[in-house]
Amino acid sequence: MTQPLLAVEGLAVALRTDHGLARILDDVALTIPPGGSLGVVGESGCGKSTLLRAILGILPKGATTPSGRIRFQGRDLLAGADWARGRIGFVPQDPYLSLNPVFRAGDQILEIMRRHAPGSRADHRRKLVELFRAVQLPEPAAALDKYPHQFSGGQRQRLLIAAALACDPALLIADEPTTALDVTTQREILGLLKRLVAERGLGLLFVTHDFGVLATLCDRVAVLYAGQVAELGPTRAVLDTPWHPYTRLLLACHPDRATTLAGIPGTVPAATAQPSGCRFHPRCPLAQPACAAAPPALLALGERAVACPRHEVPFG
Amino acid sequence: MLRYLLRRLALSLPALLGLVLLTFVLSRVVPGDPAAALAGDAATPAQIAEIRAQYGLDRPLAEQALIHLKQVVQGDFGRSIFSGRPVAEEILQRLPATLELTFAALLLATLIGIPLGLIAAMNHNGLIDHLVRLMSVGGLAIASFWLAIMLQLVFSMELDILPLRGRLDVALGSPPRLTGFLMLDTLLAGRLDMFLSACRHLVLPAVTLALPGIATIARFTRSGVLETLQKDFVLYARAAGYGRVRLAAIYVLRNAVTVTVTQIGLLFGALISGAVAVEAVFDWPGLGTYAVQAILAADYKALLAVTLVVGVVYAVVNVLVDLAQALIDPRIAGAGR
Ligand SMILES: Nc1ncnc2c1ncn2[C@@H]1O[C@H](COP(=O)(O)OP(=O)(O)OP(=O)(O)O)[C@@H](O)[C@H]1O
Ligand SMILES: [Mg+2]
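So the sequence lines, in the order shown, correspond to chains A and B.
Mapping the first sequence onto my numbering, position 145 (from 1) lands on 145, and the numbers just tick up by one.
For my numbering, count along the second sequence from 1 and bump the result up by 1000.
Examples of chain A residues lying across from chain B (beta carbon under 7 Å, computed): (1) R85; (2) L97; (3) L99; (4) N100; (5) H149.
Not the full set, but computed from the structure, chain B residues with beta-carbon under 10 Å of chain A: (6) V1234; (7) Y1236; (8) A1237; (9) Y1242; (10) R1246; (11) I1250; (12) D1329; (13) P1330.
By construction, these hints were calculated from the structure, which means they are not laboratory data.
Where is the CB? At the ideal position from N, CA and C, for every residue including glycine.
The shape of chain B in the complex, shown without the other chains:
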């Protein structure tokens, strides 16, 4: 199992290397001169040339790419053209907020999506099944920024039971920053009131972000369960006298979710990109809002770093997904040997 895990990790390295180079090249072939942007509107051509030399923008592209790669490996993403602070620092500052949000959404999507899919499949063509199918189409069709605003209108403005924006009640102050994850930091600080406030702030953005995920996971679980129910071993288990509940909830579901789990990995990519819109609406100080700023400011250093960090997180999540799959299905780790 360990060897399987290491192999999966090793396999994601070339992909990440490719990502570094590809994003670099893309950032340089798109129109827009970073040196000009840096120098400002009133800069003379001489000033722009000076900045270009200072940032190494005048060297051949291949050489720049190599330098970029070397820096990235050392964890050096350069300084933000916009704020002048080290990009790595800024990203570390914001990454936990986004991870907290996306993981909460992923958890919600899984915990709601899988039972929903299972129940729908057990009621195949029944009322619940139709409702779930309707919902899973709707969940994908609804634009997340629209949903976000609707939820804000209902739960924050109208009912006033959930906070409108931010991660924490400003009045409560903030816990000492240890991990950057408020869920953890508030607990580590022993501040239950802050923890609850953080949870309440997380609800609306996480639900908004989770909805398409719930739809996807419910759909895949449903079809996985339906497919598994056709298998000979289910018929055999019924003949041998398995209990109904156990048959559905454990025996069938474990086979069915192998497909769902793959989807969860892919979904994570969608969640991170979805987080951009959701963070913007809820004023969530994460990577999404940072990326938006970077785009608007043509801050290519920051953009490269964000892309890469998202890529790394995505790769790690997918290794975890592979691991989960190998744990669910014993044939997987053995098969690729």
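Excised from the complex, chain A in its bound form:
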């Protein structure tokens, strides 16, 4: 078996808050092979962004030292991610807020390249113009000297994608990169990402709320609930026959498929007050007394894994 590009094992992240220790992530495990793509879905607040921040080494100030392992290309990332900068490209959620308004967009990206890509500044400029062309930014050469506010939201996200690719990464990490954009632009950006990832053979870790996006962009999916992996498997299989009750409900209330506007009853528990046993049991239609007693193990079944012993029981 080849070495995975990214391997996360037993990752736990906690935050010190005014209400005590918030356990944001708990025993999270996932892997991405070279060139593979993994989508991460789950309700708001379930820890998707925190997972990405742990991998990128930019956890918020109050975070305790994460436990578990994160390995990128076989090397540890948890002790410090600086060595991997440039090899992991990051596309943030909000293109409007992610560029510093008082510096030229080109200079901001060139600074990243100066630190993490070989070559002279002239090389970098040349390469960046090429990248701007690749992400279909209008007037790529002139774009280098413009300020962020001179670009539209979609163009800014193209800039940020170019920035993510600037140091020839092996892995691309994106946190809902299109939620701040309008629908047409969303589609264009996603198409662009899909093409670039395929062309360059990049690994992809992609956070999204959108199952449609998931199906087109990711070959595997991890469903997070309250900081834990509820279900993991090939995207098609999970979307066609979701096993975990949470995944089933999540899919059922997705706008594209929903028969009612009901949503999942209840809310994600506060990270400072996680329920005992299975964290989903208070909201689960299949819950039994045993579910509150002990947390379920992640059962591996072929290519898939699910953290629910009752995954074959249909909803009554």
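Assemble the complex: chain A is given as a structure, and chain B with the ligands must be docked to it using the hints.
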């Protein structure tokens, strides 16, 4: 950018016009009869009336205001009631001394205040942060005349390393007056010894004047940096792998100082008024001591002129501040178009 600058300049004209008229009206509604003051204690009512007519003080207020405005625009501030010399000349004589002092203080306040604020913010809630915060409260609370005297006691009287008062060693003579700025005139005259003497004389008054400024600038820089550190683009830059030092000292600071720079403009007003006390203690022959004399002598012509000159300097400084801001933040010059 040029158009932006011109527009800012044009915008400050009405403010200055307002200042001319307002100060004029104020000078005439406050109690105290300038004609009586001029005529002296022993004057008869007839003499006072004569002086009143001579200075146009008997005409309607509106007419006087117009005449005043016309003269001011021509650079004619009349003659000092106190010394009899043209006020414009006297002010030109003294303005460079005050500008030298206030600019030195402003420079000190900026060069010390900004790094202090930055370091405090990077150490948020740490020891250095607490010290800086303490200092920035203290710096505003300390009365400048008290500080001036303390500094004199320590550095001039006790340690004897800095001069007590004045702008230059009397023994050295003085350089030919070209600009009135001793820093420049001494260098233009090729007199390094005089230049150093001028610098040494500048230290204590400038430090005294700068202290509240250091406090203000440090405070605003600190909060600006703290606010900027919360921004998404900082998180993004960290994820993308910016260096720590560069991130703080350049990437974050440039955003943070947009607020600080505005404060620097406002601070300048405080510095000029602060200069009155500081000049008095250090016997600094500037506009501040001149203003004090004018007040004591009820020399309203001189007072009007001082007020106006300070107003013009203040307006110019604030245009410069706007310009600096437009250079720091490219969105500013574009936005108001
Ligand atoms: N900087 C922070 N300080 C305190 N709590 C935080 C911070 N960032 C995240 N959290 C908490 O951590 C939990 C997980 O947040 P996270 O942003 O990872 O969720 P998410 O799945 O990305 O949600 P969304 O879909 O809304 O982006 C939430 O309960 C949130 O309140
Ligand atoms: Mg998020």
